[in-house]
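Trainee: Each chain, letter by letter, is given below.
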Amino acid sequence: MSSELEIIDAFIDGQRVDGDAIKRALADPEGRAYMIDAWLLREAIQEDETRASRAVTAPASRSAKPAQRWLVAAAITGSLLGGYATGRITGRPAPLVVAPPATTVVAQPSPAFPVPAATRVIQLEFHVSTTTGGD
Amino acid sequence: MTDVERFCAAHHDGVYRYLRRVVGAAESARDLTQEVFLRVSRAGVPEANDIGQRAWLFRIARNLALNHLRDGRRRPPTVTFGSAAVPATQELAVALSHAIDALPDLDRDVFLLRETAGLSYEEIAAASELPLESVRSRLHRARQALRATLGHSLALREQRGVRCLPAGTRDGDDR
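Just so you know, the sequences run in chain order F and Y.
Here the working numbering = 1-based position in the first sequence + 34.
Here the working numbering = 1-based position in the second sequence + 66.
Only chain Y is shown next, with the shape it has when bound in the complex:
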């Protein structure tokens, strides 16, 4: 396995998760993920530390996602689980999707880079070309906004108990 292949395998899931949240549709996210790694394989992984490489990768992903949205292909409504009777367990997921959509663009982007891709503050700052302090404040603002919107659902969920999880994984991932 070459370095590029190893790099792609290590970051494929994170890039896909981020893109799926940003563009909304799974199929578009898959296409864009392929495009990201096509560009990586053409350009080669830059000589940098892990932080620099991840920031570079997510800058590509972010730019492609923004271009995709700008191209007039509007983000589809992110009701993933059917619009009729939504089971109680999925109520928070649907509300969460809507609440994330309602965030200001940059705040949403910073939040998703953190929560779906698991990037550190430094990586987010490099990927989104923002100062570190701005990353901190945007992330905090996004969390506060989501908390305010989803307060009731979060309170219901709290009754089930809380788990401390690292960001950027899927439930059940071994990490």
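Chain F with its partners taken away, still in its complex shape:
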């Protein structure tokens, strides 16, 4: 029986086997059970490999995140310091560009009641000397 099971081993391992030999081996219930178990073993090993590789890569990706954050922080700090240093070295302050004031159009409210006419008009004059004509 052992040699027949070795035929099954060779068959599931991709070796070239004699057709009649594998037919004989698989005609026996023990041969068929052996083949199924060999496949189940293989599947279990491969699932275990997949699980192990996930277990290895998962903590690595988690630990990479703080490192990435530090890199981003360092890049921002570096670019700020670089910009500051460049400005100091060139010594020419960048022209101050004043943005045009934002204008807001406000709709004139229509009076809710009629405005009365002015009874007295006071004219204000500027540049009138207060020293002349006094003393």
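Any given hint might turn out to be false.
Under 8 Å between C-beta atoms, here's a sample of chain Y residues computed to sit facing chain F [said to hold, decoys possible]:
hint: 1; residue: Arg86
hint: 2; residue: Asp116
hint: 3; residue: Leu212
hint: 4; residue: Val228
hint: 5; residue: Ala233
Calculated from the structure, these hints are not laboratory results.
Ideal placement from N, C-alpha and C gives every residue a C-beta, glycine not left out.
Use these hints to put chain Y onto chain F, whose structure you have.
Mentor: Here is chain Y on its own, set in the frame of chain F:
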């Protein structure tokens, strides 16, 4: 990409999977995998057919793994998924690790070269310096021993159905 780089890329996963099973610890396996490919890049890939090249590569990996184990760094217990409550889906994986550890050294090595690295009988014979017939019988013996140890777990698993997979891949690999 040079020939050496192509060779390393093609076999990196297989070497790592084999070493992880042999030495038990993922970190040691990574270090040893690097060492294997460092040696390959120093020596260059030998002029040989694919079988000869793969056998040569796994002979390096196997020798490094055996040296690592011999150096007194004992193989750690291979309970990968925690020793407390083990989920039912992982029960077979834990039992399998223990059962593989319990195999005689050479049988285990032949079995792992076949199942984790996907080497052919001829490649295993060349890598482990054994006659082809010895590879056949050791592989069969290893499977029979694992079957005897894991019979109950395998029977439970059989209820989920069976898939015919090529050796030396990971579940979900496109191959």
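Trainee: Now tell me, hint by hint, if it's right for this structure.
Mentor: Status of the hints after comparison with the structure:
1. Hint status for Arg86(Y) relative to chain F: holds, with the closest Cβ pair at about 7 Å, below 8 Å.
2. Hint status for Asp116(Y): violated, given a least beta-carbon distance of 14 Å to chain F, over 8 Å.
3. Restraint check, Leu212(Y) versus chain F: the minimum CB separation of about 6 Å is within 8 Å; hint holds.
4. A cut of 8 Å between beta carbons decides the hint on Val228(Y): the least distance to chain F is about 5 Å, and the hint holds.
5. Hint status for Ala233(Y) relative to chain F: holds, with the closest Cβ pair at about 6 Å, below 8 Å.
Violated hint: 2 only; the structure is consistent with all others.
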